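> If you read the sequences in order, they're chains V and Y.
So the numbering used here is basically just the index in the first sequence, starting at one, shifted up by 14.
So the numbering used here is basically just the index in the second sequence, starting at one, shifted up by 126.
Since the hints were made in silico from the structure, they are not lab data.
From a predicted model like this one, the values you see are computed outputs, not experimental measurements.
Just so it is clear, CB atoms sit at the ideal spot from N, CA and C, and this is done for glycine as well.
Accuracy of the hints is not assured; some may be wrong.
[Said to hold, decoys possible] Listed below are the simulated DMTMM-like cross-link pairs for lysine to aspartate or glutamate, each with C-alpha atoms no more than 20 Å apart in a straight line: (1) Y:Lys421 x V:Asp368; (2) Y:Lys456 x V:Asp201; (3) Y:Lys312 x V:Asp473.
[Said to hold, decoys possible] Reference listing, derived: stretches of chain V covered by chain Y, where coverage requires no fewer than 3 residues with Cβ under 8 Å from a Cβ of chain Y: (4) 196–204; (5) 354–361.
[Said to hold, decoys possible] Beyond 12 Å from chain Y on every Cβ pair, some chain V residues (computed): (6) Leu98; (7) Leu156; (8) Met187; (9) Leu257; (10) Val278; (11) Thr296; (12) Ser302; (13) Phe378; (14) Val379; (15) Leu385; (16) Lys397; (17) Leu412; (18) Gly433.
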Amino acid sequence: MDTMSLLMQGFAVALTPESIMFAIIGAILGTLIGALPGLGPANGVAILIPLAFSLGLSATSSLILLTSVYAGAMYGGRISSILLNIPGDEPAMMTCLDGYPMAVKGKAAEALAISAIASFIGSFIATIGLVILAPILAKFALRFGPSEYFALFALAFATLGGITGKNQFKTLMAAAIGLMIATVGIDISTGVQRFTFGTLELFEGVDFIIAIVGLFAISELLFFLERHAGDGLKQVAVNKLKLTAKDIIQVLPASFRGAVLGFVAGVLPGAGASLGSFMSYTLEKRFSDKGEFGKGDPRGVAAPEAGNNGAASGALVPMLTLGVPGSGTTAVLLAMLISLNISPGPMLFQQNPDLVWGVIAAMFVGNFVLLLLNIPMVGIFVKLLSIPPKYLMPIVTLIASVGIYSVSHSALDLYFMVGFGVLGYILRKVDIPLVPIILGMLLGPEMESSLRHALVLSDGDWTILFNSGLSIGLWTVALLGLILPIIVGPLVRAKMARAKASEKDD
Amino acid sequence: MLNTLSLKSILISGAVALTIAGQAHAYEPARSAECIAPANPGGGWDFTCRSVGRVLVDQGYFKGNVQTVNMTGAGGGVAYAHTISKRDKDDNLIVAASTATTTRLAQGQFPGMDSKQVKWIGTLGADYGIIAVGKDSKYTTLTQLLDALKSDPTSVKFAGGSASGGWDHLKVLMTAQKANVGDLPKVRYLAFSGGSEALVQVVGGHVDAFTGDISEVKGFMDSGDLRVLAVLSEERLPEPFAAIPTAMEQGVDSVAPNWRGFYMPGNSSAESYDWWVKTMDELYKTDEWKDIMVKNGVMPFHKSGEEFTQFVNNQILDIQILSKDIGLIK
Numbered sequence: 015m016d017t018m019s020l021l022m023q024g025f026a027v028a029l030t031p032e033s034i035m036f037a038i039i040g041a042i043l044g045t046l047i048g049a050l051p052g053l054g055p056a057n058g059v060a061i062l063i064p065l066a067f068s069l070g071l072s073a074t075s076s077l078i079l080l081t082s083v084y085a086g087a088m089y090g091g092r093i094s095s096i097l098l099n100i101p102g103d104e105p106a107m108m109t110c111l112d113g114y115p116m117a118v119k120g121k122a123a124e125a126l127a128i129s130a131i132a133s134f135i136g137s138f139i140a141t142i143g144l145v146i147l148a149p150i151l152a153k154f155a156l157r158f159g160p161s162e163y164f165a166l167f168a169l170a171f172a173t174l175g176g177i178t179g180k181n182q183f184k185t186l187m188a189a190a191i192g193l194m195i196a197t198v199g200i201d202i203s204t205g206v207q208r209f210t211f212g213t214l215e216l217f218e219g220v221d222f223i224i225a226i227v228g229l230f231a232i233s234e235l236l237f238f239l240e241r242h243a244g245d246g247l248k249q250v251a252v253n254k255l256k257l258t259a260k261d262i263i264q265v266l267p268a269s270f271r272g273a274v275l276g277f278v279a280g281v282l283p284g285a286g287a288s289l290g291s292f293m294s295y296t297l298e299k300r301f302s303d304k305g306e307f308g309k310g311d312p313r314g315v316a317a318p319e320a321g322n323n324g325a326a327s328g329a330l331v332p333m334l335t336l337g338v339p340g341s342g343t344t345a346v347l348l349a350m351l352i353s354l355n356i357s358p359g360p361m362l363f364q365q366n367p368d369l370v371w372g373v374i375a376a377m378f379v380g381n382f383v384l385l386l387l388n389i390p391m392v393g394i395f396v397k398l399l400s401i402p403p404k405y406l407m408p409i410v411t412l413i414a415s416v417g418i419y420s421v422s423h424s425a426l427d428l429y430f431m432v433g434f435g436v437l438g439y440i441l442r443k444v445d446i447p448l449v450p451i452i453l454g455m456l457l458g459p460e461m462e463s464s465l466r467h468a469l470v471l472s473d474g475d476w477t478i479l480f481n482s483g484l485s486i487g488l489w490t491v492a493l494l495g496l497i498l499p500i501i502v503g504p505l506v507r508a509k510m511a512r513a514k515a516s517e518k519d520d
Numbered sequence: 127m128l129n130t131l132s133l134k135s136i137l138i139s140g141a142v143a144l145t146i147a148g149q150a151h152a153y154e155p156a157r158s159a160e161c162i163a164p165a166n167p168g169g170g171w172d173f174t175c176r177s178v179g180r181v182l183v184d185q186g187y188f189k190g191n192v193q194t195v196n197m198t199g200a201g202g203g204v205a206y207a208h209t210i211s212k213r214d215k216d217d218n219l220i221v222a223a224s225t226a227t228t229t230r231l232a233q234g235q236f237p238g239m240d241s242k243q244v245k246w247i248g249t250l251g252a253d254y255g256i257i258a259v260g261k262d263s264k265y266t267t268l269t270q271l272l273d274a275l276k277s278d279p280t281s282v283k284f285a286g287g288s289a290s291g292g293w294d295h296l297k298v299l300m301t302a303q304k305a306n307v308g309d310l311p312k313v314r315y316l317a318f319s320g321g322s323e324a325l326v327q328v329v330g331g332h333v334d335a336f337t338g339d340i341s342e343v344k345g346f347m348d349s350g351d352l353r354v355l356a357v358l359s360e361e362r363l364p365e366p367f368a369a370i371p372t373a374m375e376q377g378v379d380s381v382a383p384n385w386r387g388f389y390m391p392g393n394s395s396a397e398s399y400d401w402w403v404k405t406m407d408e409l410y411k412t413d414e415w416k417d418i419m420v421k422n423g424v425m426p427f428h429k430s431g432e433e434f435t436q437f438v439n440n441q442i443l444d445i446q447i448l449s450k451d452i453g454l455i456k
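Given only the sequences and the hints, what does the whole structure look like? Please build it.
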């Protein structure tokens, strides 16, 4: 019951007018960004990190703002899936399967409302899961010594691509780029400078906030310039909402199952939201003997949306308790935490209970805000889809530049941001994923020092890396994570593609 | 006519000059001042700037505000270089500093810069070093731990939150040196990116001992997971830390305050320097500051002006000698 009282304290933090305000702002901005086709939650959070810095927010306020953006982007992602048949990111793909057909049938408003309810259930259940699981895992984390941490980081990299990952080689290459950038700066284990060339600004290494904003936000701008996309996209018109209680009750079981499944997938390293929404959808299809899956079945909208949002909250569990992010967006959030001088991991729950529980409570609050926002105000967000990006992108660039400059008041950082933007553009052109780069930069130094610590403790004996059941277990999962996608990946992807193709045939 | 006018103007300008001279003697600060925190928001330097800035305004030293500017980079090196090269004559700028600043100056990690290029104002408190072990450790006193090190310098492994050669590492070496442990370079130190990561490893039983500051250990001390063997202060600390013995009580003359203070630009006027020194002396005695110290676990430690400058130079010299002894610098 300790957890309950801590959660109540969290609500005391989350229900202050200031926190509620940031939750609402974050929810609106997140939904906006999520709704824009092509911009996923990782981009959304990356673009808005500088905003938190330039406003000079406290750690708690920044995190409340950004977790609301995260949740909002997961909600918003469904809007473009349903109306445009363009998923904002990979996890939202499954929502297209039944969402778009519903919209074509003139039931766009219902599809949007159902998906909002399902998203709410998904997030809500997963947040409860987070409340229960996180403190347990935080205690368990004490058993992690340097060798276990090293195995855990290896696992995080091995499972990076996820089961549905397309190209393991490119993923690993991206991670290697991140690890290389991470070696710049002072090496804490020896106190020696590496690759700094006597430049003071490089002594502490390359700031990953700059890398994130450059790679995600600035490269997006470059892509926009290339596309000359001056106009909004064509979309299905939205009808007037006619949703009955019966419609809602019909999708409730699917939403609950999707939420639980999504949460589990989110907690597991490497599985992530894509698998969460995919599994929820397939399970639902098997579960119901008949139905019109693929032709606009409401349950086909509810299940993946609940799974998607459940996985998003689930991914916060390993991030907060172990400091190892389970998804791209949580990697970005982790970078934010480190920049605010808050070290995630088991100590976070001991040292900053106000912050952790405040943020968790804020997730509950944010969810209610999102539900309230999304049902009556969905029309406004839909309208925003038709805002020409030529107005939007300059604002994004402005926020990014001002924010980066306010972090350290150094013009060099701005050059670095642009440099990373160009790098991001090139890498995206050749289909190299960006998230592993960020993860490499974030985890590289930790991984290196874990290995060194383990070897110092054992006086140079490498077998220390495999000397506990826990580390052997982690290595096994890491190995599986590396091999499975090569075997299972094509099968799962083929299934996903077939599901999509058969829907098109009808 | 012309003569009287010029005589008048001479008199007037003389009077003006006198007034200016009088004012210059009692330096008047500008409406607002700036405090550079050479790190991100949330850290120690940021806290020093923000809390002192608030007290300065609350106590009426400034009519405007004292703005905190975060200037991250090179462990304070970027802010140090900025102060020397771009703000050298600024009377209204102070920069937060701590033992980390002197450590880096001593080890030449601010290339081409030294402690004489700025003016050291004073300290407003300190965080004292401690050496601790997990609750299941076989060591119950500092003496036992040091005896183990004497017979084999690799027998006790330390974890701390600073880089190798940083303050947390140096504290262990200083203490070991005072206790006549031979072969200091062999003492094993594991560098973590923060004190809390290091603590978790010690509490989890993966590393033998923790070196850090008293402010970092309260949580695990209260829960009984951590046994603090010694605090590196001259006298015992006030409650709730009064039960912890000092190293000196245990026969090891090791004192390691991680002070929190300020420097200002090297060519700022002598009057403004005197004003800042006097102001810090006064501020240290206010109830508002005492209250902040208690709430944030900052311990009493005050030196200013000439005395502080001497202290900084001595500390740099001590660290240089030790760093050479253990082969960190040549």
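> Against the earlier hints, flag every one the structure doesn't satisfy and list their numbers going up.
7
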